[in-house]
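**Student:** Each chain is listed here by its residues.
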Amino acid sequence: MPHLKAALSRTLQLLLVLWAVVTILFLMFRLMPGNPMAAYIDPTFTIEQQQALMAQFGLDKPLWEQYLIYVGNLLQGELGQSFRYREPVADRILALLPNTLILTFTSLIIAYVFGILAGAYLAWKRGGVVEHAAIPLVLTTRAMPEFWLGMVLLAVFSFNLGWFPAGGTRPAGANYDSLWALYTSRDFLTYLALPALTLAIYSQGLPLLLMRSNMLDVMKEDFVTMARIKGLSNWTVVVRHAARNALLPVMTSFAIAVGYQLQGNVVVESVFSWPGLGRELVNAVSASDYPLAQGAFLMIAVVVIVMNLIADLLYAFLDPRISHA
Amino acid sequence: MRPSFRAVGLAAILAATAAVPALAGDQIRTIDLFTRPQAAQPQEFQSIQLIAQEWRKLGLDVNVRVMPWEQMSDIVWYQREAWDVTAWQMVGRPERSDPDEIIYNLFHSSTAEKGYNFIGYVNPAYDEVATAQRVEIDEEARKELIYKAQEILAADQPNMMLVHPRQTFAFDSTVWNKESVVEQSGIGIRNTWTFMSLEPLGEQKDIILNSGDNVQAINPLYISGGVDSWVFELVYDRIARVGPDGLPQPWAAESYEWRDDKTIEVRLREGMNWHDGEPLTAEDVKFSFETAVSGEAPMYAPFASNIETIEVVDDLNLVFTLKQPAASFITSSLAKINLIPKHVWEPVIEDLKTKEENAESYQEQTPIGSGPFKFERWLTNEEIVLSANEDHFNAPKADRWILRIVPNVEAALGMLRSGEINFMGEFSGDPQVLIQAAEQDGDLEVVSTVEMGFRYVAFNNRRAPFDDPAFRKALSQAVDRRLIVGAAFRGFAVPSNSVISPALEFWYDPAVMEGFETGIDVAARMLEEAGYTLEGGRLHYPGDKTEEFAK
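Just so you know, the sequences run in chain order A and B. Counting in the numbering used here, the first sequence runs from 1 upward without gaps. Counting in the numbering used here, the second sequence runs from 1 upward without gaps.
Calculated directly from the structure, the hints in this document are not laboratory data. Please note that the accuracy of each hint is not assured.
[What the hints assert, rightly or not] Straight-line C-alpha distance at most 30 Å; calculated DSS-like pairs for lysine-lysine:
(1) B:K323 / B:K262
(2) B:K114 / A:K61
(3) B:K355 / B:K57
(4) B:K178 / B:K205
(5) B:K205 / B:K286
(6) A:K61 / B:K57
(7) B:K286 / B:K323
(8) A:K61 / B:K355
(9) B:K205 / B:K353
[Unchecked claim] Restraint ranges, calculated between C-beta atoms of paired labels, are given here:
(10) B:S173 / A:V282: 31 to 39 Å
(11) A:Y176 / B:D260: 54 to 62 Å
(12) A:Y176 / B:S418: 57 to 65 Å
(13) B:R56 / A:V17: 49 to 57 Å
Every residue, glycine too, gets a C-beta built ideally from N, C-alpha and C.
Using the sequences and the hints, build the whole thing.
**Tutor:** Given below as structure tokens:
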């Protein structure tokens, strides 16, 4: 059963990667200089109180013991309690994750739909004026820092034209019965527009360039020449034959892009006051809130690892020539 | 002949050409000066650069060490012997309008080992004054003592006071009546009084304000972030509140009166209710203070630990008996402890007593207080919605109070101009930018207020040469504070030589600032008189003192 064996070794690899991530995260924060209890220093505060606080969070124990406790808790699905918010890390992550996911997927879908169409078009129009103008433009959007792009969009569309609100996910004080009611409301779209656009502009370069170069490769293949010889129309050749084959690697890159996007969210969420996981991550790191920072990083790492796995599996599924044997 | 300070250049030349006889002590080591990074604390960083530059002119070798707060406080707080000089700050809070917390906890020798006197300042004469003001109930007599304390500090310079910054806020004057905004002395216009009295001019009746920081918790038993206090000061009442003038006034109490210097009688207002409709009684008040010292709310414990007993006379009357007389009791306890409903919290506290965690990690779904605003909703890292409590004895004129979390300063300013927010609750950018925006806009009103908080440079009084008051004073005098105000704070601060802000008019001793001379030549003279010498352009200890802390 080669398939089962492959799946098993893949899972083992996955666990190994997860363990490495967990360990690195643990050490990374513990080895940072400074004391996580520094936030509480106050004139009415004494060293004894601080030590009591350290003991409460288990920070007085030796590092190896803290590590064992941490890993033990993780195995039971327990992410610990945030120092800063004094609430379970899992609760906070769950409250913020939907906002991050909807922003990520909206922007990626826009980026991929646009990227694939534009990439295919540019491949078709190879060598023309359009391509000469478009490629440098795409490369420029790839190189623009997201926070800068975000600020420009804010200044133009929000502050000057007043078309979109400047931050948050909903109008001040608006109440929705559920997240679903919020996400399907018209207001939400106006709040989502600018951050999603910023991320979409930033991410469309990858699918676009990938699609274009794949198309160019595929167009040289025998089966495309064959199709042309059969006398099929240019449109049929490009869309039905070439584009469908060129799409494969682009689709798998989507899965990996989700992981990258989560990291891009960190900046965009701060610019647009978006209550997501990325902003929380920045706060947690700067406040030395180890449990929360570890939890948020771990969540992102898990998404990246799972998405990579999906990309692998998808590839084998979409293209039977790839096998795990 | 010892080289003169006023001829530094000449001294340098002399030292370079001829051997100088060993008349002086050792050369003073390179001094480490801590500051937080420019990105996090631009004003502090800039001030420290200026100070280092001035000190170098005195012949000191200064090494500015930049580190994040967690690291800096870890060294300063835990390794009390291991550092020289550090930048530091105290923020203003309503309860700090009583000088006791600052005067006692920062400088009394009893807090030197494990408390906030991390600089290790020990002066028996000061201890005496600091202790005496604690128990002096007569306000005028206490004022004399607070003046005395400020004078001792000015003479000893255990810290180098820099400035009291100005807090700058803004609001939309087409939404809110200008006259209804209350400027609280030492705090600014973003305060509980303003939120209660803001009067809407038109259709918009919601106060929508911004904060850069997230709300950490809305818990009446946990002193968490600064923003959190904006919220719970509105949701919870206290027996007294610090008024716009900085002095406490009866709040949930109709009146209170000292029977003697350890006994105070409190009479509650009639007809107060909790947000869930239950009546507020003296039993609730007693419970609130007892919970603070129950071990389940360690951060509030210091504010109630001086209470010996609380006697409930009837539903409205209580008598507090103190262990020690305490002049600051009204501000630091009665105006600090949040009143919480016994029927809600008693079962929670009983349950927590059997558990490892304490009440600080307990978050109610809907916090129940008795304050002028009721809790409605909390969306993680996005907004908090409170609604006016119309049954309150000081019911707000606005409908709702909505706090939006906006980490991006530029966006916050844009929102104020577009009307997405109508009260700027926090502006961490350059105040000049805010003022310019207001001028362009025309609808915005900007108000700057001198804070009771302050920025300073802390000397480690345990380590030579900082154990010498003359040396500390010279270093402090070397820097003209106007330079710091102008260059680092862009004018949005006032020079300081006292831990008591001029905003606290009653307690502030203006003489300590008036008598304070600055300038490199003043500092050089001071050092020379104290026996310090310059050799080879470098400052040396007086007499035969040796350098014990060189690395």
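**Student:** Evaluate each hint against the coordinates.
**Tutor:** Taking the hints in turn, this is what the structure says about them:
Under the criterion of a C-alpha separation no larger than 30 Å, the hint pairing K323 of chain B with K262 of chain B is consistent with the structure, at around 7 Å. With a CA separation close to 21 Å, the supplied pair K114 of chain B and K61 of chain A stays within the 30 Å bound. A hinted pair counts as satisfied when its Cα atoms are at most 30 Å apart, and K355 of chain B with K57 of chain B does not qualify at roughly 59 Å. At roughly 14 Å between alpha-carbon atoms, K178 of chain B and K205 of chain B fall within 30 Å of each other, so this suggested pair holds.
For a cut-off of 30 Å, the pair hint linking K205 of chain B to K286 of chain B is broken: about 36 Å separates their Cα positions. Between K61 of chain A and K57 of chain B the alpha-carbon distance is near 47 Å, which puts this suggested pair outside the 30 Å criterion. Taking the CA atoms of K286 of chain B and K323 of chain B, the gap is about 16 Å. The hint holds against a cut of 30 Å. Between K61 of chain A and K355 of chain B, the direct Cα distance comes to roughly 20 Å. Compliance with the 30 Å bound is thereby established for this hinted pair.
Under the criterion of a C-alpha separation no larger than 30 Å, the hint pairing K205 of chain B with K353 of chain B is inconsistent with the structure, at around 43 Å. Checked against the hint of 31 to 39 Å, the pair S173 of chain B and V282 of chain A passes, with Cβ atoms roughly 34 Å apart. Remark: the range hint 54 to 62 Å for Y176 of chain A to D260 of chain B is upheld by a beta-carbon distance near 58 Å. In this structure the hint that Y176 of chain A and S418 of chain B lie 57 to 65 Å apart at CB is violated, the actual value being about 22 Å.
At roughly 52 Å, the beta carbons of R56 of chain B and V17 of chain A sit within the given window of 49 to 57 Å.
In this structure, the earlier hints numbered 3, 5, 6, 9 and 12 are contradicted, and the remaining ones agree with it.
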